[in-house]
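Number of protein chains: 2
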Amino acid sequence: MQLHKMTGVMGLVLLPVLLTCTLEPGRAAMANRAALHLMPVPARITTGEGKLVIDAGFSVALTGYQEPRLVSALERFVRRLEQRTGIPMPAPVPGDPGRATIVVQCEGADEAVQSVRADESYVLEIKPQQAKLTAPTPLGIMHGLETLLQLVDTDSESFAFAVIQIQDQPRFPWRGLMLDPCRHWQPIDVIKRNIDGMAAVKLNVLHWHLSEDQGFRVESKLFPKLHGMGSDGKYFSQDQVREVVAYARERGIRVIPEFDMPGHTAAWFVGYPELASAPGPYMIERHWGIFDPCMDPSKESLYPFLDAVIGEMAQLFPDEYFHIGGDEVSGKHWKDSPTIQAFMAKNNQKDIGEFHAYFNKRLSAILTRHNKKMIGWDEILHPDLPKNIVVQSWRGQASLAEGARKGFTGILSNGWYLDHMLTAASHYQVDPLDKQAASLSDEEKARIWGGEACMWSEFVVPENIDSRVWPRMAAIAERLWSPQEVKDVDDMYRRLEFVSRDLEALGLTHRSSYPVMLQRLAGNHAVEPVRILSDVLEPVKFYTRGGTREYASFTPLNRLVDATRPESDAARRFGRAVDRALGSKSELQALAPQLRRQLDVWRDNSARLKPILDDSFLLKEAAPLSEALSALAATGLQALDYIESGKAPDESWLAHQKALLEQPKKPPTECLIMILPAINKLVQATAVKH
Amino acid sequence: MQLHKMTGVMGLVLLPVLLTCTLEPGRAAMANRAALHLMPVPARITTGEGKLVIDAGFSVALTGYQEPRLVSALERFVRRLEQRTGIPMPAPVPGDPGRATIVVQCEGADEAVQSVRADESYVLEIKPQQAKLTAPTPLGIMHGLETLLQLVDTDSESFAFAVIQIQDQPRFPWRGLMLDPCRHWQPIDVIKRNIDGMAAVKLNVLHWHLSEDQGFRVESKLFPKLHGMGSDGKYFSQDQVREVVAYARERGIRVIPEFDMPGHTAAWFVGYPELASAPGPYMIERHWGIFDPCMDPSKESLYPFLDAVIGEMAQLFPDEYFHIGGDEVSGKHWKDSPTIQAFMAKNNQKDIGEFHAYFNKRLSAILTRHNKKMIGWDEILHPDLPKNIVVQSWRGQASLAEGARKGFTGILSNGWYLDHMLTAASHYQVDPLDKQAASLSDEEKARIWGGEACMWSEFVVPENIDSRVWPRMAAIAERLWSPQEVKDVDDMYRRLEFVSRDLEALGLTHRSSYPVMLQRLAGNHAVEPVRILSDVLEPVKFYTRGGTREYASFTPLNRLVDATRPESDAARRFGRAVDRALGSKSELQALAPQLRRQLDVWRDNSARLKPILDDSFLLKEAAPLSEALSALAATGLQALDYIESGKAPDESWLAHQKALLEQPKKPPTECLIMILPAINKLVQATAVKH
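Just so you know, the protein sequences line up as chains A and B, in that order.
Residues 1 to 690, numbered by my numbering, are exactly what the first sequence covers, in order.
Residues 1 to 690, numbered by my numbering, are exactly what the second sequence covers, in order.
FYI, nobody ran anything at the bench for these hints, they're computed from the structure.
It is possible that part of the hints are untrue.
The list treats identical chains as interchangeable, and a pair is accepted whether it falls inside one copy or across any two copies.
As the list claims (entries may be wrong) - In silico EDC-like links for lysine to aspartate or glutamate, alpha-carbon gap of 20 Å or less:
1. K585 - D196
2. K350 - E443
3. K487 - E587
4. K445 - E627
5. K610 - E621
6. K620 - D55
7. K299 - E250
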């Protein structure tokens, strides 16, 4: 560490200043420019003068500790740098560190199985002649290489890395994404490309939700009816599981399997009804929700079965943790079963909760026998369980804090359900150590290890899952990695745009799938008017969509709501522009022409879209949305007229507009028109003197 | 065949009428609408009334002859239909033909090794209750499935196939694409995705140019120094070759390898200098052009070597033809070699041509021993060679006709060099039986088997090769498949747009690579102004680019010229609009606002682009182009003013504009501004009274 040699030192406190300064061209500002694209923001940045040129002479030398994982990480790095620059680059070879563009120095090996105890830190020092990346382990090197790729910049002379020094480590050791290939099948390429995306934003846990009412998605050689009768043939073979685990380890990511028990288990019972609390036969569940089928913990024969299954799966997944789910047990079949009721009475189990805790205790013993520690959802929290379990909280910081006070470790998922279709900003503002957790002691806080975003898959297929995970996931990744003080929302959005582009280049499809889905809706018509509408829409939030119509496993997800993005960039930008325009007279003058141009396009779109809607059975349901957008835009234009002229509208106009503004809030639609709040502000502003 | 049952019968003569009629919504017109997207146009279409609905109940039944290739073709078809509709579809299972949506009936097997003699015909009959696809062979079934996918349409009720009957077979039996992974390495995924594209437009020959001065690209187990020293490690393993051959056969495509001899062989000599006409040592050639290194046909030791290499390669490539290149022998090393001169004198070989023919005759014997027939470029044409050779003509129809008269078989490539960066229209207008070949007798014409487009790779990398092949290749594919009478250029462009979209969905990257390359140029700036400029540019034509600057193997192909498309759709559309506007006063009135809007965008673009150019070392060379575009647009706007006002411009304005219009024609640029001719027409039109 040679921070004193640099021209400017900037610690945590200065960071938000750097990150909100405007982008200036020119050489001196290159380090600032470069830092402007980093996401997650590193723990400590020191900017300098000058740059390290990237040209055809580029090379990397690896010194210190060596292992194949480092070599392949460097090879991937060089390929991505080649893709980024278009400069053909030879494979990295063990070269002379004195002459290399980048010297990568690793000090030692990672644990054989990556854990929360891993040292993920790295130091990156870029000087005009050479860059040096040092880290105690390959994991730190991998994180540093991702930072390097985000630092690539172009100026009037060359591609270059800015002269900069970065000292970085994560705030939380558990930074995860949960993928659910059960509700809708997500094949191995979906999993792998999402692992690539996770590595790019320094996440380190893939939580793989592998069994559900709707599918048992891993091959079991011991009990082949699990996947054979419980998956419609859509499951990961054991070879594929090993491939994913190895792929993730190559990228510094742990893989934790979830086998949800004792509820969410209908798919198990198709082949093995004897495990269930109620008599069969059972079918794979084809609908979404919380269902009654549940294992029967009173049956002693259940435990050897689970011991064998868990033993088999424990062999496939080297991670020390094993997720047993444990959520959403309806309890109906337990209450309805005389044998279970008798068992509970005999064992003095006063309620379903105690019966469930009994099951978890038995499970815990099985996991221990297979050298695994338990992780489960809030419901598993019970004093009888050992303190080494991890509670994953879908309930929130209060639940997490309660666990921490009792000595349990926890991670947060509440607020990070990607399927709720919330904004990146809303996810970004969630903090595991916020709210009730803020008042914990330091020792208790240390039990909160981080968090995981959850991508439940009721409404995603491989075609659109990436657009529901990315780029919003990157904002959550920053919350989990970067210093707590980093929380400027505007700056997050600015950087998210760059990260989103890089993620698409890495192979994710969150951008490229959009025009394809819109074209399907447009049929053989021009897609542009469909895009203009779709760009300002978002799917309804939380669990609203499930209530709008009948959905089941095989319902095509090929409608407008499936193409729209969880967050409308167009509407957000328009909203920001309206806010600025209403802030001062000069801003209003400056921005009005641009607002009018945008509103013109929206107002005119309904007429352009109509013949397409009329000719597309998939799109015709969007007619009310399309008309509402045009009407809102017309209102916005009229409101601008009033505001700019300083003339107050009469009451009847205001009343009419207010009625209009209420209209699109009422379904039957599954999409929301996201410019509505901004139009509303314009209407409100007509009453104010400008 | 039940043509009489259909409501309308339409043979070849009516086809152009159908294909230029406008797209009408509504149910009755569905068959016409559907036929409007077919490319290549089938030999015979009969339209009907109604449609066959595609919904979640969709199924396919295979009757008659069965083989695994048919099963996988059906599986791919269902996956693409699923992608197209977004409707989840189960794998095709042997089902009840009575209840299937589509019955596929194949009558028998293809040849074990596909040849020009293959029957590629099929009959497709779509009725409201069921479709039937019948063909004598799997090859015909595959072509029919591609037609079916092009018939998928959306209307106000459903996805559907129109009721239609198609009886189809190709005009020529040899319809190829040559790919060159030698100049710039093109890995296996590039080859495979282009095979997918070929199958989609019913091409049937992949000509794989595998050795060159710049690389020997196949693993040789017998002579490992061929690829080991001649490829920089970038070669196809024998397993990969088998994979490509199998992949192509699964899709009805022959694979013909080319090992170019005796010239274009520098890469062979790196490991085996003893094969050459001049003493070594030799290096892999790093530049583009025609070079002197050449095999020494006077050395008897050459022939056992070639016998072994060809024998080894003949095992990998089952096709009956083997391409020996034979082009562009400079002859210098032959003339300079006393031993070769002595050999020629001793054998009464009067010139280099006879010496070359001697070599080809020896090669021909080797090929025959390995059960291969020879194909080579024009230069191999010599009376001494057997009549079963095929001559691939880069010289043109005259050369082809001369061969045909002498009894030789030929295929055309002249006019179809994709690297010349010509328009789809220009390629579309080329016909193997046109020009000198038009006057051949029927028997002689039958010797012209078709043609191949050639994608020489001096200026393409995997990132942009697809954009140089597609969608223009589809226009050539239509020329080779469809009746000679199908030649409406406007209609070709209209259908090309649909095909291009489908090809991208199939995995080609001709569209998706464009924004990525533009973003690289824009660095971290907004890409839009770069796109506006790039959209109206085309790379310089023919071999002009090689003369503009020093190019070599490792020169990055990451500049504006590499991102621009071979054909500017924006400029073509603008040009057509200008033509229409200048055609009548009413058209002028109708189109002027739209022309002005477009010209405004171009005129204003230079100011928007300037800060980006100033900050991008890759883009700054485009400043003159950017300024010229703005100036041309300003000229166009002024010209429109004159034309609309009916006021003639003064001489000095005209003189000034004429000078301006000359400017962009002068390099140092590698790109052409394609709106120049249309602006010129507007300026010319100012002199005419409107």
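Cross-check of the supplied hints:
{"no.": "1", "hint": "K585 - D196", "verdict": "neither (47 Å within a copy, 58 Å between copies)"}
{"no.": "2", "hint": "K350 - E443", "verdict": "neither (34 Å within a copy, 96 Å between copies)"}
{"no.": "3", "hint": "K487 - E587", "verdict": "neither (26 Å within a copy, 57 Å between copies)"}
{"no.": "4", "hint": "K445 - E627", "verdict": "neither (51 Å within a copy, 61 Å between copies)"}
{"no.": "5", "hint": "K610 - E621", "verdict": "within (11 Å within a copy, 44 Å between copies)"}
{"no.": "6", "hint": "K620 - D55", "verdict": "between (53 Å within a copy, 17 Å between copies)"}
{"no.": "7", "hint": "K299 - E250", "verdict": "neither (42 Å within a copy, 53 Å between copies)"}
Violated hints for the displayed structure, listed by number in ascending order: 1, 2, 3, 4 and 7.
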